[in-house]
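> Here is what each chain is made of, one letter per residue.
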Amino acid sequence: MNNWIARFTIALVFCYTAQAVVAAEISLTVTDADGSPLPSAVVWLPGGNVTPRATPYVMNQRNRQFEPGVLAVPTGSRVAFPNSDSVMHHVYSFSPVKRFEIKLYKDSPGEPLLFPTAGVVQLGCNIHDWMLGYIVVVDADTFAVTDAEGKVSLSVDGDSADLSVWHARFKNLSATEQHTVRSGAQVIKVAQALTPAVDPYQADEFDGY
Amino acid sequence: MATKLTYRWRWLDSCVCLNSRRSIGFFLLLLACLQVQASSLQVKGQLELRGTLSDTPEPWLYSGSGLHRYSDQHEGLSVGSSVLQAQYDFLSAWSLHGVAHINDDVDTKLGITEAYLKYKPLSANGYQWQVKTGGFYPALSLENPDIAWLSPYLYSNSAINSWVGEELRVFGGEVAFSRPGRRFHSPHSFTAVGAIFKANDPAGSLLAWRGFAMHDRQTVYNESIAFADNPAFDDPRLSRQANEVLPFSEVDGRFGYYIGGHWDYLKRSQLRVYYYDNNGDPRALNYKTGQYAWDTKFFSAAWLLKLSQRTRVIAQFMDGSTAMGPSLGVNNDYQASYVLLSHTLGKHRFSARYDRFEVQDKDHWSFDPNNSNGDSFAVAWRWNLSRHWQVGTEVMVTDSYVENRELWWEQANQQQTQWQLNARYRF
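Chains as they are written, first to last, in this note's numbering: chain E, 1 to 209; chain S, 1 to 427.
Please keep in mind that the hints were generated in silico from the structure rather than gathered at the bench.
Among the hints, a few may not be true.
[As the list claims (entries may be wrong)] Here's a subset of chain E near chain S, in silico, CB distances under 7 Å, partners left out:
1) S84
2) M88
3) Y92
4) F94
5) D129
6) L132
7) P196
8) F206
[Claimed, not checked] Take a look, some chain E residues computed to stay more than 12 Å from chain S by CB distance:
9) N60
10) P82
11) D147
12) S160
13) H179
From the three backbone atoms N, C-alpha and C, an ideal C-beta is built for every residue, glycine too.
So here's chain S without its partners, still in its complex pose:
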């Protein structure tokens, strides 16, 4: 067991996880303070009230094997996606960015999902470059362009971006270099992106022990996501694995990286291609937190096409692998894809999405089955009542096969249906 070392990023520990009602109080206090704002401070956010109606099984957040965020035991009213996003500009080229989410699943907490410093100098020759450093998402999704990495289309994210929202976040530096087409009298614009980062070592754990899921819950920094009481963890070979994942923690001390390319045609067609590799050392384990480093890598391609100013299609495909343990006792491949159609009619937006997802178990540990697959269909309607208010609804049906459900004597095949009604106030 070579590398054992390690430490978690504690840099935000003191401020990011405020539990229970205090967090909502803090959120509102923060809002009140920000009413008195300098012009260089830009604050946006939303408060959402969500009513849900759902069925079994229980969500993974409550130790169940369900793939939806809500269930018949955990439905009713919630804060949905309530978020705050702040940007502070200083000098000509610098800006500080912070994004906070309130999650009220399991317990209510306010946490930070992104916090970074950006440097984007003006350019006289038309080429542009920028540097980001801190904690942030790789910009690989075309489904989540709204504030706080939310989706303006459906309420629940695709399988790919549900996973990105819960297990993918980097702490490092990213450089992007662009050739904006319009500056060069061309309809084509190109951007090249490269990043190196620490942390994000346990990414992939949820895909192995739960599979893909369908939701809009973004994990905040220093948050742990619990697994169901997996009997496989009783086996000596997995006994050091905690019954939770700290997806953004550092375990092996190694750097990961990603590279990406964007190609836009008049902003009517947008393509984003990324390759991500956290370069995890599968032998590394943090005994204190029970977290392994997973060797997780994937290729992602996302494409957006505006059929007209009101109608667009978005599609994304991801193909990757993840492995942990000295003998690669957990070793999986995964693929997911979706097609999303969205159309606006006045103040109304109608969206529909079809998802497919699969995790293939390639390892020899038969006591820990990781196979899963499924598909999901969702439709949503959003209605902008005013500049501030929006109401909307979504229904989503997911069919899934998750092999390790049988360890709990559950049916491996499950069908879930979830209804949502949302009202949000945006500021």
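In isolation and in its complexed conformation, chain E is listed as follows:
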């Protein structure tokens, strides 16, 4: 009996240790070359078992802005474009990854669109020319978007992993850059040239005129 208990305990310890090796938590802060945090940077671990979720992702239009400004989705995902404003929007993309246009009327549900190919989709509105949004389609099952402080947490297999990073201020919007990350907390400095940071546009209901 004692033998069984000992074996079971050893098995438990082994499983726990193995789990710790399999899924390590890494905390990243993405910054520019000067160390200033980059909010809304997309980070992902290429590969993995990419399985898009059944329910569509949502790129809302609220207060004459895209919400969120940057949306990351795995390949094969569907994205809905609801219009939460009382005015019409005319959303479009000329990005090679996904070209489309949809007129979204007041209270329109917005039909979900399929995004089968990895890459960056830049969104605009033909009526409100200050509206700008991005859908970043990634070939990965682990991905996230940095918060207002440029921080994000990911689970990685093993001690280190190859990480891809993208940001809307990249001069070459279709380029991504690769970094190797290790478990624990670390700072990722992007190497690419960035466009100047622009303060938020302060548009309201009377600015469409």
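Given the structure of chain E, go ahead and fit chain S onto it with the hints provided.
Coordinates of chain S only, in the frame set by chain E:
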């Protein structure tokens, strides 16, 4: 008298001016029909009930020399600014726009204030352009961004935009080319605008024979605005002038133009600069309608600054001239400006505005004095009770000197006070 020719734009005659109660019936019927609407048809509008309390003199609309829309003889309940705005989208880049107003001053009528076709293609390179053709306002005002060219701030427009609403409308084509800043990672956005147009030849008449006024009454197409019984019109030199103005009519057969520039900084600061010239031939007269072509031009600069998300300042300045008659017997310069402050607090909006305006008589016709000037102060409060309902009030005090009041043995100087209480349902 060189060019005499002419004709009025009759294209909307059959549909735009429906008088009396029929117009309200038509308006409601139209609304009912539009409840069954295709998704590509967007309809917005409002019905307003307005109570007013005012004083002398009588408004110009009732042959008086007052500068407010209402008076002690014409106050009480009215439909205020009741409007309907429709937009029909088709294909990718095309849309049809129409705006109708009900005015119940003098007589009740439903009329069209704007009707145009817009082409705005998608752009892959970030630059945007659009073309408008039909009848519309030049977008020179930052005071009137609400539906149907209404103001979300005060109920009565500034002196500048009261005049724009009653005498300025073009029938032609406009091209606008934009560089939206955000597409180019810049806080600055720029738009260049150019237009050529017909009609709008008599614009300036009201400034000469009434001066600037303070109101929210927008003239509808093919509408005539009456002048007071001006004794100057009895003089042989003005005897061919009708006692009314058809501001959007064509008289001289010539094209007018305007150019404009918009500069936005993060939408927090917005500047619009326009130069307008209707290129009117002052010698041209339509004998049938009694309308001269006026050579009317002006420069306008409007600026909006958001001090915060809740507080904004809007200012506008206009400087122009107008002249009519073979010998430029009526020849005036005019200037007007205002500063408007608006602040929102929850569902409440508080606004205040100070206006100054002046018309200077430069001609040698002493029997027809056109000098006028004045200033006006107005405050308003609007309360959004729900998505559909809003109530609000405004009080406005205007001091004015209008020289030709003396032709009626009135005091040239007048002070007017006007109170408004409004309830509106928006859909």
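> Which hint numbers doesn't this structure obey?
1
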